[in-house]
Amino acid sequence: MPAVDPASPSAANSGTANSGTANSGAAAGPARDTPAARKAVLAAAEIRRALTRIAHEILERTDGAAGVVLLGIPTRGVPLARRLADRIEQVEGQPVPYGSLDVTMYRDDLRLRPARALGRTDVPAAGIDGAVVVLVDDVLYSGRTVRAALDALHDLGRPRAVQLAVLIDRGHRELPVRADYVGKNLPTSKQEVVRVLLTEVDGEDAVVLSRAAPAATASTGSGA
Amino acid sequence: MTGTWLIRGARPLGGEPADIVVRDGLIDSVGGDGGAPAGAQVLDASGLVALPGLVDLHTHLREPGREDAETVETGTRAAALGGFTAVHAMANTEPVADTAGVVEQIWRLGRQAGHCDVHPVGAVTVGLAGAHLAELGAMADSAARVRVFSDDGRCVSDAVLMRRALEYVKAFGGVIAQHAQEPRLTEGAQLNEGEVSGRLGLTGWPAVAEEAIVARDCLLAAHVGSALHVCHVSTAGSVEIIRWAKSKGWRVTAEVTPHHLLLTDDCADGYDPVFKVNPPLRTAADVAALRAGLADGTIDCVATDHAPHPVEDKETEWDTAAFGMTGLETALRVVQAAMVDTGLLDWAGVADRMSRRPAAIGRLPGPGGALEPGLPASLTLYDASASDTVDPRAHASMSRNSPFAGRVLPGRVVATFRRGAPTVLDGKLA
Amino acid sequence: MNRHLISAADLTRDDALLILDTADELARVSDRPIKKLPTLRGRTVVNLFFEDSTRTRISFEAAAKRLSADVINFSAKGSSVAKGESLKDTALTLEAMGADAVVIRHSASGAPARLAGWVRGTVVNAGDGSHEHPTQALLDAFTIRRKFGRSAGPGPGRGGSAPGGALDGLRVTIVGDVLHSRVARSNVLLLHTLGAEVTLVAPPTLLPVAVGAWPATVSYDLDSALPKTDVVMMLRVQQERMNAAYFPSVREYSRRYGLDGARMAQLPEQAIVMHPGPVNRGVEIAAEVADSARSTIVEQVANGVSVRMAVLYLLLGGAEAQS
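Chains as they are written, first to last, in our numbering: chain A, 26 to 249; chain B, -1 to 428; chain C, 504 to 826.
Since the hints were derived computationally from the structure, they do not count as laboratory data. As the structure is a computational prediction, the values presented were derived from the model and not from experiment. C-beta atoms are modelled at their ideal positions from N, C-alpha and C, and glycine is treated no differently. Please note that a few of the clues may not be correct.
Cβ-to-Cβ under 7 angstroms is the rule here; a few derived chain A residues that face chain C [said to hold, decoys possible]:
| no. | residue |
| --- | --- |
| 1 | M130 |
| 2 | L137 |
| 3 | P139 |
| 4 | A140 |
| 5 | A142 |
| 6 | L143 |
| 7 | D147 |
| 8 | D180 |
| 9 | R183 |
Pair by pair, the computed Cβ-Cβ distance ranges are [as the list claims (entries may be wrong)]:
| no. | chain 1 | residue 1 | chain 2 | residue 2 | range |
| --- | --- | --- | --- | --- | --- |
| 10 | B | A286 | C | V721 | 27 to 33 angstroms |
| 11 | B | F321 | A | D180 | 53 to 59 angstroms |
| 12 | C | M600 | B | S385 | 39 to 45 angstroms |
| 13 | B | H221 | C | V721 | 40 to 46 angstroms |
| 14 | B | A384 | C | P707 | 49 to 55 angstroms |
Let the hints inform the model, and build the full structure from the sequences given.
See the structure below:
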């Protein structure tokens, strides 16, 4: 059986945009950055404000979130989707359906690493037919995760429209994908690693930037 | 042609170096002033152990009938390369060696091949069917001079028939060699019944299937005053029974195979049928008891039970594979690893268990089995300090089913002489 | 790390939990309108069945197809195997066809192990002689986990899910012909790995001589075991065993070791009844028990597809594991 330990942070990272990090071997530990090499790019308060702004933008552009379904891409897209849903409900007074969409089975880089543990796919009971699906993820990088998410959606139903909300857009797109809602644009080099930390998963809210550890076997950027 | 040989610096029975002179097929001198007789060929044997030519009481040469696995020619080549000057060829050929005609054929084939003496074993029952005695007397009187009779491959399980056979051979000093396997307890059996067979899901072969027959036959031999030889002893219980029988003064002898001195049923992990053999490999406790039994003489000799099989009979799933392992070319090396290097037996002991006693049990004519002046110069020169990885593809046997393939074993047979003529020199057929 | 699944002993506790968690997720694919995932597209899975078993073969076939793999079915009857082609030659033929995985069921213990030496693809043991049937043990563990509320579910953890638990502390009693049962062997190994307490109940003739070395308690008395178990797993007993003197008559076997309605009433309230199938109604299990609410026999079959999907995905869906 593959050597994936689903509880390890490195395995958790494989579902996010930053799978081009030092964590390419499933059994490898987290990227070895020292505190000095880590640079905080966004603090908790800025994350909060960005999410609030995105929630308002969603409401504006979807005419009050009519027919909207928020689907977070595991791992960290999921708590982000829930936070957006909460804010939208606070503002509009109406709950908006949200859930999760695991894209592991649809990735185009499956064969590059041992088989990965699956995240949970939880689509709200009303389904997605005719809905405006807003995919939510933490980092948009190569665009491949989003492509996989579009394929996954295709097998679940036929939305009226699909939009994309991300907390960080770090550039270096490899596919024609763009985000509709962006928390922050963060120009980066490919040698850098962007990590979004969220309280629900990591115990704190922050976005940190560090250099990739030299031992990384470079898999082509396979992030969102 | 037997010339004159000076074998210089050999260590007879592992002892001090001494020169051995061979002349006219006999040992002329052992130790001596080191002068080379006129016209002698000189063989530098410094450091080599000299043993009397090995005698195998239990070999399957497969001819007639299964020449796809081995022939008398290829089998005796393998024997010579293993240091053997005489082998007893078991009777489970096709046709079975149950008549004077077939045993004489095998005997003649051995003489023609010329690599080592072939003494055919005669079947106890017609066709090995266990129902009627074969013409044991005719086989004894034939040119092959059969003295050892065995249905090996099958057990003479009928108690009355075994009794009659034991009685009958008294007339000409023969011995019945029993393949002890109670058939009903071993129907469909594949591997020693124990922890490994339970885990691997293979039908078990209980030790009692061997021990019950050994005990019965010892008692029968005692009762009728005859000689019993127990083939391929494989369990600690059998060793104890034989020890008990001998303590009573009964005429029981026994043999053990090299593989049972070294390998256990754990080898079956992975289901490679190269480890499938009858009787099966047993536990470490059995291996220890067999080694102790060979060391103290309860087990009289090592016999290879060389059982060649073609690739298609072994390269299958375990259940359908044939039973048996080759052994002539690795026997002495395995005995060194299991008995000499572990301090259980010295080279004099090896000479006794692999030459003197098997010759006696086989009732071989003429003197022999020792390195003494005046005796036939049948001897083996062996380099105990060598070691290499066993590769069956380099074997002279036609078959490749050796359980030691890929394993490092000590020792190398350097030369074999049979009545003064070399059959093997420098590790190759002469 | 092991690229073949030949024995339940090939799986560590983490491996087993990963398979079960993955199966939990994949089980929901069958609720979708499109019951397919693209993951094994372009891979070829060969079902090499030397023994008849429509159910297991269909289960593996469904599992492979739901992952978009190409499936080739090879059954022994009427094939070149029936005409005496050796296992090795069959293996070489499969190699030539480019099989990525071979799912093999064979009547000889050890056949998958031999096959693994002759093919480059992944070998999945679908039952070999009396040796093992690891995917059966996995689907049994999956079933037990579900019934006792320990499956993976939604949660705050990674991927929006909480991984499922193991079977620690659950008591499982396996009843029947343990000696000849590959289901028993795989289950004893896997249940032990997952922390369950296993008891084996059988007449002495149907227990291996060295069963004392197995990680299980042994009893000859079914009635004393039933009140103290959470799961009772009945094994199929073959009538041919009667002719080989393993037990005197079907009637006596059934009386002493059969699970009838009266015995079922002795079970604790939460206990479930399992059977790998096919069932000998009236021999090891009464019809009323097989059809009762406690029985998971039908669910086990459905769970088989999800579990086999998980196995195929984890063995074939990523980079080739080193063997």
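query: Checking against the hints above, which ones are violated?
result: The structure breaks only hint 9.
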